[in-house]
Structure formats: structure tokens, C-alpha cells
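> Protein chains in written order, with our numbering: chain B, 1 to 759; chain P, 1001 to 1159.
Hints should not be assumed to be uniformly reliable.
[What the hints assert, rightly or not] Quick list of in silico lysine to aspartate or glutamate cross-link-like pairs, DMTMM-like style, CA-CA up to 20 Å: (1) P:LYS1057 x P:GLU1029; (2) P:LYS1112 x B:ASP278; (3) B:LYS107 x P:GLU1029; (4) B:LYS119 x P:ASP1026.
The set of hints was computed from the structure by calculation and includes no laboratory data.
As the structure is a prediction and not an experimental result, all values here were calculated from the model.
Here's the letter readout for the chains.
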Amino acid sequence: MPGFSGGGVGGGVGVPASAPPRPFRPSRYVPVSAATTFLVGSTTLFFCFTCPWLSEYLSSVIPIYIAVIFLFTLANFCMATFMDPGVFPRAEEDEDKEDDFRAPLYKTVDIKGIQVRMKWCSTCRFYRPPRCSHCSVCDNCVEDFDHHCPWVNNCIGRRNYRHFFLFLLSLTTHIVNVFGFGLVYVLHHRQQLDTPHAAVTMAVMCVAGLFFVPVAGLTGFHIVLVARGRTTNEQVTGKFRGGVNPFTNGCMRNICHVLCSSQAPRYMGRWRSSHAMDVQPPFLRPHLTEAQLEAKVLDNGIQNDRHSTRSKSSLDQMESQSADAEPPPPPKPELRYPGLPRADTEESSLLTEAPTTPSMYKYRPPYNSPGRNHTALTHPSKMIRGESLDSPSPSILQSSRQPSYRSEPSSLDGTTVVGGGVGARRGGVERGEGPGGPGGTAGVMPGGMSGYSLTGRSYTSYPSSLVLSTGGSRSSSLRSAHPAHNPLATLQSEGTTDTSYKSLANQTPRNGSLSYDSLLTPSESPEFESAAHELSPQKPRAPFHSATITGQPEVVSPSSPLQGYTSPFLSAQIAQQREGQLLQGSATFSSPHRAYLRAVSPPPPSSSGHPEIQYLLQHNQDSSSRAPRNLSSSSTSPGARSLEPPVSPPPRGLSLGKSQSYVGEAGPQHKPRAGGGIVLGGGGAGGGQQAPQRTTHLHIHLSSVLTPNPPPLPFPPLSHGCPIRSTSRPVLANHTPSKPGGGVKKVTGVGGTTYEISV
Amino acid sequence: MATEFHNLQELRQSASLVTKVFVQRDYSEGTICRFQNKFPSELDNRIERTLLEETVKTLNSYYVEAEKIGGQSYLEGCLACATAYIVFLCLETRYEKVLKKISGYIQEQNEKIYAPRGLLLTDPVERGMRVLEISVFEDRGSGSSSPSSSMSSTGGSAR
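Turn these sequences into a full structure, and let the hints steer you where they fit.
Right under this line is the structure:
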């Protein structure tokens, strides 16, 4: 019987995931039976009673012609009745897992520029493709659903619309034929109307005439639909009334599509190819080349489009390097600051898969199936991936693997993503510092430079020992007065360093520097501004370089103390960030700037530093690794707060120690004062532009550096790092003419952090 | 029913189905069969981007060929009409022919590229051409696949 797609026969055998067996409803078969009866019966009678005379009187072609038309009608009728209209099989549970309990009822898709809504079908468990509709009679979703025809007891869909349309055409023709030739017969037998032949012919004519009006009307209606490229469903529901139909390709193409396209395949009851697929481990994994790793490191997925594209292209080419070369990263603390839109969007975009329609957001009925477990599988896996991205090196690799996550770690810990984007800037700054470094101080600068780089690195989750070692190597390279690119090269070789530097550079907000400068040292403000400007565009600029480089020996040397500053800076940064968030919750320069300002105004107590630092550090993911270091360092040198006494540039290690101690002191005091070198390091690590967290890190870093310094003294922070200050003095003299006292050069980093490089 | 259709994942001793990634249809050109060439992020560390994109591109070209309205399809229609569609019992339509090609192509891709990486492509026609299903397998030792996945794959295979 008609309605194969899950009719009374039951949906058991060979119809999996389809309509369940439905009760046998005889009423459904009344129209189709009637139609069949009328069609076949009438035509048979016509052939028996009218056609013999027609073939005799007129020609024998006529009955043949009528027979052909009738056969054509019947064939199309049978095809329309028995053919699967294009029923979609029910979606499996695994497919449903992607749709959360809060998945929207509608999904919007863009078809040739026109928004079309796809509704969620709760029966079939998928979003109905465009033009698909669920037939309540057949209890199936049908592709290109036209209507459910009771006369054929079947849905008219993509596969059988052509047959239905041809049936209508041929039926109309057949009716016209029967009526016409019957009329001829009757007119010729006017005087013999009482004969059975005439009577039957007249009866057939009546039936034909009776059915002609609706059938012809329906035929004409469907001719218009075909020409317009619409379905009955769309026409009746008025979907494109006054609008544009995205499914039309022009009248001729529409007609061709209906009549001449190849028979669409059926989805139900297909022979499944039983190919045994051997899926056995070990599984190949895509490898990352060295270049791709570096690209990832340098790639700031958030802001630096150039780098991001580069990394993506490199991702495409990645083949060789194993992605598991790095040790597992430390767990990433969950830092979701409300004021950080980027981080939120990153995660939300990662977790949300179905686009929502704002106007029609509705719950979809949850599907209680074991398939739901997949949600748990996928989402936690995503989270895990995101978390794993925190570690510097593995995060880099993983960020390359999952570009969508790339910005996340960077935003949170200021390492991965920042590294990418900042890399360029960092390189620039480093370059600037390079010549300054060697030029500035013979011995100190290299240390300073390395220290600087170390500072940047310190913001990454590198252990202090690692930073120290790298710093040492860096300084040695610098001492040899390598060209500017060398430090950059060394920086690049250590991904996190680049990132941290990038964050540093990014964290130079113009506003922040301005405000801070105006508050503390008006004379210094232009300096800072210039530095800020130079840093904020994230491009290496000569003035900035000069400004920073002047204190290069100091800048560099402070790097080691900067390293020690990391934790307190970060803690201060966090505090300031939170302040900023309270203020306006934006992760842009404004908030750090504001926090920066606020931190500047009150003289921060240094005594409260340690517990505060500890607290902040614990809450700062970046500083998590540095916290113990900083605490220890702070404990070591209690009196290192003041930057005033110039400290001869100690060996890198010493400077680091001192810086650490200094940082410990400075940390609790959330003064936005930036110790020059420290500031630089902090700024670099901040990467404010790219990630709010980074900015805050830098910001805190800087502020914490500044706190120990009395407000009137812009350079006191530098005194924290004795070596820094002493080294930076000459630099300051060169680049920061407005600096009084200890010749602390101020550089405004991204995010409002101001660096003070004591000269 | 579950006992009749043991899917391959169940029989696997060392690989088990972890999740399924779905490549959705691309409806930007209308209802013609096209799959999105967007690389799913879940497969970032499982397969190279280019390989999957190449597969999807090839599949899309196959579907374009299947749905092409040209001489062959027109003649097919005329022949079918002339023979009252009895010819459909004997001959394969153009679409079906291309679907067979697609099935062979997917089989080959699975053997060469996806199975070694612990992935498995499912012919979209089995899902109503709505999605391209990529099953992701993981080496779980001797663990068998979860009941849900076996149920789903059973349901799928039972079609």
C-alpha cells in the first residue's frame, strides 16, 4: 500500500531509526482508494464502451493515444504513491550530542544572502534542512516537502514531486481526452443515448467533468509553483510573500530542475556497504615543524593578524615535528575576568556550537539518551585543551593545534598568544635595545638587556631558574655586542619570552602613560607618552628604543630585578586590574590606566606587600609559578625597596636576586610607578592590548614596581633594582632628560604600565 | 537487534570510539548538496587540515556531478517516462552511479588516510546527506566502545 515510509506495515524491518510502527488506519486509504477506483474504473469503462467506436469511426490511433496517456498517468500515479518522497532517517544519538540542552529551536543559515531558519525537529533529532518539513501524517521529515497528498496517501517531496507533477499534467490531459472523445461519441449517438454504451460514456463524461475542475485547478497551481520554484508548503504558508525566494533559479531552470534532473536517491532502506574498516592504533598524528612552532610562538592569535595567518599557514604545512615534545604544562587556573571580553568570547565560542537566533531562542527538548555523554566527552576535552594551553611551550604547540584556543592562554597568562603578536614588537624593542645595550653599558647593558628579556620571560610561567639561565645566556650574547637581532633571535628561540615581551609592548597604553605621567612627573609624561606610543603600536620605534635603550644598561640590568618583580608586579597588576574592572570592567587601556592612576595616588604600604603579593600571586595564573620565587626573593632583601642608592650592576644572578627582593617589596605596594627596567619587563609581559589579563599583569607589575617609590620621585622604583638604577642612569640621561634624581627613565608600556629604568 | 549488527568499533580491541565530528552542509548556494569546507577544531590534532579539505572538496565535486542537469539526466528521464519507469528496475540512475563512486571514494579515503589516523568517514547518504560524520577513535587499550556509541552505530548500521 502507499506510504512505504513507515506506514501500517510497521517500521521494524529494515527501517531503523525511522517512524515507529503506526496503527493501521483505514481512513487514510479512503481517498487514495477512491482516486484509484475512479481513475482506473472510468478509464476501463471508457475503453470498453467508447473506444471501439472511436477506433472504427475516427481512427485507431485515438485509443492508442488515450491508452498511452492513461498509462503515463497511471505510472506517475503509482510512482507518486509508492515512492519514498525523500524521507530523512532519524538522526543518531551521536549527532544529537552537539546540541546542548540550551540549544536554540532555530538555526539560521544564509542562502544566497537570504536568512533561512532551520527548525529543530524533535522527532527526527536534527535541524531540518532548508525546505524540509515534518509530515505529521507520515511522521517523517521529508526533503523539499511539498505537501501530503491524501489522494496518493503519500508525502510529495523531493524524489516524487516530479512524478506527482507529471501525474497531474497527465491526469488533466487524460480527463480532457476522455471527456472530449466521450463527447464526440455522445454527439454522434444523440439518437441512441439509451444504449448502454452511450449511457456509460455519459457517466464517464460526468465523472471526468466532475474531476476536471479540481484537477485542472491543482495542475495550474503547480505549474505556477514550478515556474516560481516554490513548494506548496512555502506557497500556502506565505513564506516568500513579498520576499525573495532563495531557492529559485529562474523559470526555465526551475522547470528543468523539476523535469530533467536525475532521480534523487533515497535515504531510507539503503544497502549499507559492509566494508570492514580496520581502525587500529597506533594512529598517525599531524606533526608540527620547527617553523610552525616558532610561528605559533610568535603568533599572537588575538591581535596580530599577520602573525596569525602566518601561523595558520604554517599549521597547514606542519608535518614533521611531534606535538608532544614539550613537557606538560602546569594546570591553568581559571581566570575569567568579567572585564575581559576576549577571553569570554574565546571560551564561549569554543563551547557553543549552535548559533542562536536572538528572536527565537527557545529550549530544545533535551534528549535523554546515552549519546548525551558525548557532550561531556567533547566539552571537557575542549576545556582540557584550553587549560593545557596555559603552559608556555606545550601551550604553544597546542595553540597551534587548536587555533581557537590560542588567544585564550595568552589572555590568561600572557604567554602564548602574546608571544605571537608581541614577537614582532618585542623584536623591535629588543632591537632598539640591542644597540643601546651594548652601546650604553659595556657590561651592564648586556645584563640589562638580558634582564629585560628575562623580565619579559618572567611573565611567562617559566620557572625562575629557567629565566635566570636564559637571562645569563642572553646577557652573554648581548655582551658580545651582537646585532640587535641577536637578542631577538634568542628571544624568539624561547617562545614564552617573545610572548611576554609582546605583552609588555602591548601593554603600553597611551592613556595610561599619560595619566600616570601627568600625575607623577609632568616632565616625564611626554617621555612616557612617547614610550607609550612607541610601545602601543607595538612597533619598534627609534625614540622608544632610545628611551628604553638609554637606560639599557639599566634596562637590561633591571631585567634581572624585573624578573624578581614578576610576582609582585603581577599581584599588583591583578589588584589593579580588578580595580579597573570595578571601575568599568573593560580590559582596555582605560581600566588598567585607571587602576594605574589610583595606585599612583596613595602611597602604598610596603609592609602589606608579602601577604598581598601572595594572595595576588595565587590568583594570578601567571604568577603561580613565580609566587614562591617572589616571596622568597622578597624575603631576602627587605631593604631593597628604595631605588635611590645606585647599585652597581651586579652580576646577573645577583641582580636577579636583588630584583626579586625588590619585587617582593614592591609587589604589595600597588603604585603605578614603574621601575624603569621593571616597568619595561612588566609592560612586555602585560601585553595589555592583546589580552586583558596580560595587560593587567603588566600593569600590576609596573604598579607594583612603582609602589615602593615615593610619588614625587618618578625614579624611585628604579632604586628597587639597585643594579637597574645604576645602570639605567646613563640611559636615562640619554633618553629621559626630564628625569630628575636617579635618572630613572620612564617608559610607558601597554596597559598603562610605566617603566622606570633607573639610570 | 543489537546482536545482529556488531559494528566494527565494538570488535576493535584496541581502538574505541571517542566522539563523532560532523561536517555540516553548506546551504549558501541553495539546496544543492555541498558540505562546508570548514575544518572542525576537534580534528586539529588528528589530521592535517589539507587532507580533510581535499576530501570534502572532492565529495562536493562528486555531488555537483550527480546533480548536474544535462543531457544524460534528460535522456534518463525521457526513457523512464517512455517505459513507464520500468527502466528504473533495470538501470541505475545517474545519481546512484555517482553515489556508488562516492562510496568507493570514501572507502578508499578511509583506508588510506583516515583509518591510520584513527578516524572514520561515514558516507553522508547514510545520514540523509545532512552531515558528513567523522568518527574519532582513540587508543583505549582493550576497552570496548561505550554502549551509547555501540547503540548509535548499531542503529546506524541497522539501516
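> Could you run down the list of hints and mark each one as holding or not?
Verification of the supplied hints:
Note on LYS1057 of chain P and GLU1029 of chain P: the hinted pairing holds, with a Cα-Cα distance of about 15 Å set against a maximum of 20 Å. Pair hint LYS1112 of chain P plus ASP278 of chain B holds up; C-alpha atoms about 11 Å apart against a cutoff of 20 Å. With a C-alpha separation of about 17 Å, the suggested pair LYS107 of chain B and GLU1029 of chain P falls inside the 20 Å cut-off, and the hint holds. The hinted pair formed by LYS119 of chain B and ASP1026 of chain P meets the criterion: a straight-line CA distance of about 16 Å does not exceed 20 Å.
Hint compliance for this structure: every hint is met.
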